[in-house]
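Participant: Sequences are here, hints too, so could you generate the full structure?
Top line first, the protein sequences correspond to chains A and B. For the first sequence, our numbering gives the first residue as 1, with consecutive numbering after it. For the second sequence, our numbering gives the first residue as 1, with consecutive numbering after it.
The set of hints was computed from the structure by calculation and includes no laboratory data. Fair warning: there could be bad hints in the mix.
In this list, chains with the same sequence are indistinguishable; a pair is considered to hold if it fits within one copy or across any two.
With a straight-line cut-off of 25 Å between C-alpha atoms, the simulated BS3-like cross-links for lysine-lysine are [said to hold, decoys possible]:
#	residue 1	residue 2
1	K302	K224
2	K52	K204
3	K382	K52
4	K224	K204
5	K258	K302
6	K224	K50
7	K374	K351
8	K318	K204
9	K224	K184
10	K220	K334
Just so you know, these numbers come straight off a predicted model, no measurement behind them.
Protein chains: 2
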Amino acid sequence: MNNFRFHAYTDIRFGKGQVECLPELVCPYGKNILMVYGGGSIKKNGLYDKVKELLSDYNIIELSGIEPNPKIEKVREGATLCKEHSIDVVLAVGGGSTIDSAKVIAAGAYYDGDPWDLVTDSNNIKKVLPIVTILTLAATGSEMNKNAVISNMATNEKLGTSSHHFKPQASICDPEYMYTLPAKQTAAGTADIMSHIFEQYFQKDSGAYISERFAESLLKACIKYCPMALKEPDNYEARANLMWASTQALNSLLTCGKGGGWTCHPIEHELSAYYDITHGEGLAIITPRWMRYILSDETVDKFCEYGRNVWDITEEDKYACANMAIDATEQFFKDCGIPMTLGEVGIDDSKLELMAEDTIKYNNMSGAYVALNKEDILAILKACL
Amino acid sequence: MNNFRFHAYTDIRFGKGQVECLPELVCPYGKNILMVYGGGSIKKNGLYDKVKELLSDYNIIELSGIEPNPKIEKVREGATLCKEHSIDVVLAVGGGSTIDSAKVIAAGAYYDGDPWDLVTDSNNIKKVLPIVTILTLAATGSEMNKNAVISNMATNEKLGTSSHHFKPQASICDPEYMYTLPAKQTAAGTADIMSHIFEQYFQKDSGAYISERFAESLLKACIKYCPMALKEPDNYEARANLMWASTQALNSLLTCGKGGGWTCHPIEHELSAYYDITHGEGLAIITPRWMRYILSDETVDKFCEYGRNVWDITEEDKYACANMAIDATEQFFKDCGIPMTLGEVGIDDSKLELMAEDTIKYNNMSGAYVALNKEDILAILKACL
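Facilitator: Structure below.
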């Protein structure tokens, strides 16, 4: 088991009606709030009005229009608002895109240059305004972690950045906000959660037994509850378990005692950077092809463990067990209604080489569970066509 | 899934040599440190000298001699030292007894009355000095939680108290400190961890699927690694997994979305209060007898789930499966060398009735997984003889 630091200090308020805690959670920081959100969904479901009502004593500046694969332009806008209005706390109301934007905005408030510098080099992040979130979508885990991913479509870059100070001070997680989520978002969000778990589960063995079993627990939760949420969008138990899975999947709990680079996320970021596709769908498409590509004598035991512990596969032959687990993974995503080829999400073979090259350019793929070079990534992408 | 708050803000530094972080962890609070510890073990293994060396720039006041089932007298002494020496931070170096004492001492520093009042009524805890810990024994989870248990032998009371402010600011968890632990402590510590998990696992179903699976993961870790640590005391992986299990078992993670009272701990506290026995041994003795006593049509499914998911029991008959799981639990404790009858730890039947009565007096046993009255507890205790 590797040495590690675990410091997930976000104050989580989970459950029905927890938005009532909002005044208590923002009041330590000051009166000027930048409220960051996406499109119209929080206006439709009443959350927007609820927040304004609860914070009627505060001075609220709004930044709306955050898109999926959030763009640097909005972050720049938000950072300027923070400076102009002496913002004390950034309140993100939405999913991962909104929270990620809020994080870089909160750092931009203290940064003199272009906020894109904070994405390309996290060393530029010195000080960050406090962040409070109201989560409306289970996917990225951004509500309890130090990560943010921002896209720059002008340069076809989708890059991650992180800072210990990015962790929200508090997050309100009410599963009921997901009742009105389109099936596409429920499925893609779950694929994102599962991919976060896979990225940490498939790493070289370090004896971190508890992290392994926790990862399997969360995968089983996704497998049990995503179909249930798709069938009954207002099933509270299903929404609650998916939401809690998203938080626990990427608050660093699963990486305690482990280490190593990620694979599917770096590759998918190139798909999104060039084609602006839904992140979770890109991950679902890549994942089983990557698994099949790296299956070997070195990895078969781990895939077999995955099959036995997550999919209850009892097949004794190791390769057969591993392949059944990979097939089950692919079938699961299909059954959730996720398009499972690049063609279905509008990607042809014209830029595969470019995207494989950029994956290597922006990420250290030699530290991954199985080291990959450009040709490997190209082969995986071709298998996704 | 019930609503919940999860705010486990302790900064955990886990692994070999993490004691080097100590100056960084105490420096935000001030120069005056009260160092609380037990007997001679930290002097023998060099940890005492290491702490003094690392904190040579600080003013260290010492309070040693904390015993298992820590006594209120030492807490009173510590609180007085805090006041006399304007202590800024309490540093606990040891296991749960030392950390629990440090917590009540840190509250006592701000309390004018007798610190025992802080144990009998947690409402008296208004303000607490910052607490930093160096953990040397995996058992109580005190390194990342809000609980403290203190004994008053004068009144035969062993009571728990808790406060959000009791959570340590930071904890250094180096599994190597457990290499020299006597087998008795390794086994009893593991029984304590497992009992914490059982208390939270055996609660009425609320659909908190992730908490259930996490609990099973930690139980499996204990079952795998305790025998390994007993056989090879310096097996790092075994010590590390036990230490991390202890922390995760009682930092409120397992109770997310769940709720309900505890059973074996309240009963055991009476054994310790009257006979000062090793807490983990008392728990191991009580646990399987309690399980057998409450096995019924209402609980058999849960016990069967426990058997299937933790012990890999495939027996299809539910009662048979449940009984096999309970037998496996008892056999496991036996195999770890724990004395499994009250007689073996020096307790006869003379005070069973008194202890059953006190269990009811100090705890609300009607909120437990299966509500128990005095006669129920007496029957369980008699089965332990």
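Participant: Could you tell me which of the numbered hints above are not met by this structure, giving the numbers in increasing order?
Facilitator: Hint check: 2, 3, 6 fail, others pass.
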